[in-house]
Amino acid sequence: MTLAHKAKGPGYPLYQRGNPQLRVFLPNFWMKLVEPIHQQPNNIVQFIVSTEMTRYDIKNYLEKIYNVSVVEVKTRIVSGEHNRGSWVIKTNIASCKTKTDQRRGFVIKEDDHKLAYVTLPREQSFKFPDLFPEDEKILDDNKSMDEAKQGFTKFLDRTKTRPGLPGWFSY
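Here my numbering is used: the first residue of the sequence shown is 1, the next is one more, and so on.
There may be inaccurate statements among the hints.
Distance condition first, Cα-Cα at most 27 Å in a straight line; then the derived DSSO-like pairs of lysine-lysine [unchecked claim]:
(1) 160 to 109
(2) 160 to 143
(3) 74 to 109
(4) 64 to 109
Honestly, the hints are just simulated from the structure, not real lab data.
Could you build all of it, start to finish, from the sequences and the hints given here?
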């Protein structure tokens, strides 16, 4: 049995003639908004979606749940990256004599994922927000650097009369 045949979560009940239409209120679908790698028009939004979702599912998901009008949806499957794992990580690197010993290992393939390009109407636009502005990060780094410098100068002032003693031997 392959992984594609395994159902996630509760199974959907079988249809029986005469019964009312069954509703799924919490589907096992998910969508993650991602920043595009390449420059795109302002009305195209990029998502990583569940691999089980179809174009129709993506369009309905956005229109029914988030009230976003969608003109077109294009999808593609992106193959997961191949990384080389190594037994060297678990052992001592010094015991590996040659470069080939260090390069040997096993291959780890990440899961495939589906990319969805959602086109919004021309009058709508979406700009991915700047989640980590660089200016604030630089200010925080400078502030912590100044605090560290002040702490070090205080330490030097305290130990000025005791040259050669280690730092842990202070009062």
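Hints and how they fare:
The suggested pairing of residue 160 with residue 109 is violated, with an alpha-carbon distance near 57 Å, which exceeds 27 Å. Taking the CA atoms of residue 160 and residue 143, the gap is about 26 Å. The hint holds against a cut of 27 Å. Note on residue 74 and residue 109: the hinted pairing holds, with a Cα-Cα distance of about 25 Å set against a maximum of 27 Å. A hinted pair counts as satisfied when its Cα atoms are at most 27 Å apart, and residue 64 with residue 109 does not qualify at roughly 35 Å.
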